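K.L.:
Spelled out, the chains give:
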Amino acid sequence: MKTKIILILLIIANGLFAQSVDFSGYVRNYSGMLAGNGNSDFIIQQNTFNLNIEKNLGVSSFKVNPMLYHNNQDSLTLKLREIYLDLNFDNIDIRLGKQQIVWGKADGVFITDIISPKDLYEFLLPDFDEIRIGVIGAKLNYYLGNNTFEFVWLPVFTSTNLPNNNSIWAPQMNFAIPPTFDNSKKEIIPSLENSEIFMKYSALTEIVDFELMGGYMFDDDAVMFSTILPNNLGGMNLTITPEYKRLSVAGGSFSTTLGPFVLRGEGAYYFGKYFNTNNLAVDNGTIKKDYVQYMFGTDFTLFDINISTQFIQKAILDYEEIIQPNNLFNDEYNNMLTFLAKYSMLNETLDLELFTYYDFEFDDALVRPRILYNFSDAINLQFGANIFSGSSGQFGQYNYNDMIYGKVIYSF
Amino acid sequence: MKTLKIMAMLFAVILNNEYYAQKLTGLEIVENVYNRSVGEDMTADLTMTLTNSSGDSRVRKIKQFSKDFGRVEKKIMFFVTPADVKNTSFMNWSYDEEGKDDDQWIYLPALKKTKRISSDSKSDYFMGSDFTYDDLGDRQPKQDNHKLLREENVNGENCFVVESTPKDKDYMYSKTITWIIKDKWIGLKKEFYDEDGELLKILNVDKYENINGFLIITHTEMNNKQNDHKTIMELKNVKINTGIDDGKFTERIMIKGM
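Going line by line, the protein sequences match chains A and B. Taken in order, the first sequence gives residues 649 to 1060; the numbers are from the working numbering. Taken in order, the second sequence gives residues 8 to 265; the numbers are from the working numbering.
Rather than coming from a laboratory, the hints here were simulated on the basis of the structure. Bear in mind the structure is a predicted one, so any value in this text is a computation, not a measurement. A few of these clues could be false.
Once the Cα atoms are required to be at most 20 Å apart in a straight line, the calculated PhoX-like pairs of lysine-lysine come out as [what the hints assert, rightly or not]:
1) B:LYS214 to B:LYS243
2) B:LYS120 to A:LYS990
3) B:LYS120 to A:LYS746
4) A:LYS703 to B:LYS70
5) A:LYS711 to B:LYS120
6) A:LYS936 to A:LYS921
Hey, can you work out the whole structure from these sequences and the hints?
P.N.:
If you want it as structure tokens, here you go:
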């Protein structure tokens, strides 16, 4: 099977080369070693082949982006990250097919950037172009000067991709009693009724860049409805029924400069979002509330170090104590900080970088120092660490997954 | 009669030189350079060759478009090579108004995002080269004090030698000295001195061409004397006044590409 996939790719590539199609991409070796809790296991041994095939035909163009992952146990995974056709007119661009759509001004957090779901096979650690999953649908952009009106229609629902239960990145799920899963309601059948639609107006001006957006969608994360029934042994049976629920969202973002500072902001209001709770007293283990998430951030340079920092707050409106406990909220509000510092030296051949998420409510963090060296224009070497701290929360749950890693990337 | 004509011409040249030597100040000379017309719009392919002290070279290729809209000059650049920055684009809007900062954006294809960036970091080096953003842009003459030092012949060209000292004491250069070709108003050579007054870099213009009646610098070399690193910049396929569409300088084109 593996040989067949490679053969097909080579045949396609060879055929397209003859028609002056543009090829680019990279080959990457990625090795990671667990460093926490006395472990020293090579948890990641991955080779990746990323190929971008693009062809511009004047008023139309296409892109195909297959990625081959060769993992530890000699397993081979082919992911077709994007495959779409572009049609370009005077003031209108139309994109049809599987595509990644990115909205908003925030970095590393997803507030209005909710069209393309996330591939969390390795939590939030992959590069952001690999975290996003392509969505199948149509996007229409209408341009009026520096104003853009964007319409997205997705007839096929794509959910967040969670890691396998045996993965070290499987999220902690603390149920009161061991559950049984009923996946009968998990599927969303592609239909007009089940379509998702999004709209955005954005402008790029001398004073400020901004976006206003709205969406009628399915929450990409399944809601875990629970049912508790007495069993024959006098105990209780817990059944979890994952289900994707409708959600309406309105929001916006902006970016401007104030002297040496770039100021960024983003916010969204989610109408009727379901929250999971482990509290058995809550009906179905879920509660539906309006929800707000927003961010303020700034980028600036200090002593030749590029610094970027963001404050993010999430709030469940009309909060009830009964929502507790879960892994993402232990209060009405959740406050988080991100911090990025980057220093380039040797004519930008060597970069030192530090990226951090810190969650105030759970006192947990993810710290990511990294050294990047451009050995040549084509070869980039990286060495870094992922350090998790805390005992709970979205980062603290991976406290035993501290790791160091190295990457060698050949770009072509 | 012929002798008279030659005498008259010589006299005129002497008078002309006297005029410049006596009348033009350092500021006026630099303003002439700043205001030299390079056409309403320009398209060009830029190649930067970066060479380190060991002789290892890296090459960056860029396609650039610029257009003068009157009060604002807009420029858009598309990175062609190396592979890891391919399809990255950069847009700059530069304003005539004194004190108004440039607006700048960068489109990062891996993130699929256009990001506004601050133009305040003009002392940052452009793509690992020896040119800062400020070196590449048009620094407004009134940001510096200018002093005409002398006149000198460089590579057969008669030049004014002007020393420019920044009014902002925190500026990355303590001073620059520029050799400016008389009448053509082209900076032929420039020395950059660091904050300690030590020579940091030397810029040499190796070639300029008359394209559609405009003098365009097409080959420069910047040598960093302190780390023995150099950058050669070559402009090719230069086209002037082709009537670039106004819509070229928008986010749509940054994302879509050339």
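K.L.:
Is the hinted pair LYS703 (chain A) and LYS70 (chain B) satisfied, with a Cα-Cα distance of at most 20 Å?
P.N.:
Holds - the C-alpha atoms of LYS70 (chain B) and LYS703 (chain A) are around 19 Å apart, at most 20 Å.
K.L.:
Taken at face value, is the distance from the CA of LYS243 (chain B) to the CA of LYS214 (chain B) at most 20 Å?
P.N.:
12 Å, holds
K.L.:
Checking one constraint from the list: CA of LYS936 (chain A) to CA of LYS921 (chain A), max 20 Å. Satisfied?
P.N.:
It holds: about 5 Å lies between the C-alpha atoms, which stays within 20 Å.
K.L.:
Hey, LYS120 (chain B) versus LYS990 (chain A), does the alpha-carbon distance stay inside 20 Å?
P.N.:
With a Cα-Cα distance of about 19 Å, the restraint between LYS120 (chain B) and LYS990 (chain A) holds, given a limit of 20 Å.
K.L.:
Sort out whether LYS746 (chain A) lies within 20 Å of LYS120 (chain B), counting only the CA atoms.
P.N.:
18 Å, holds
K.L.:
Just to be careful, I want the Cα atoms of LYS711 (chain A) and LYS120 (chain B) compared with a cutoff of 20 Å; is the pair within it?
P.N.:
Holds, at about 18 Å.
The earlier numbered hints are all upheld by this structure, with none contradicted.
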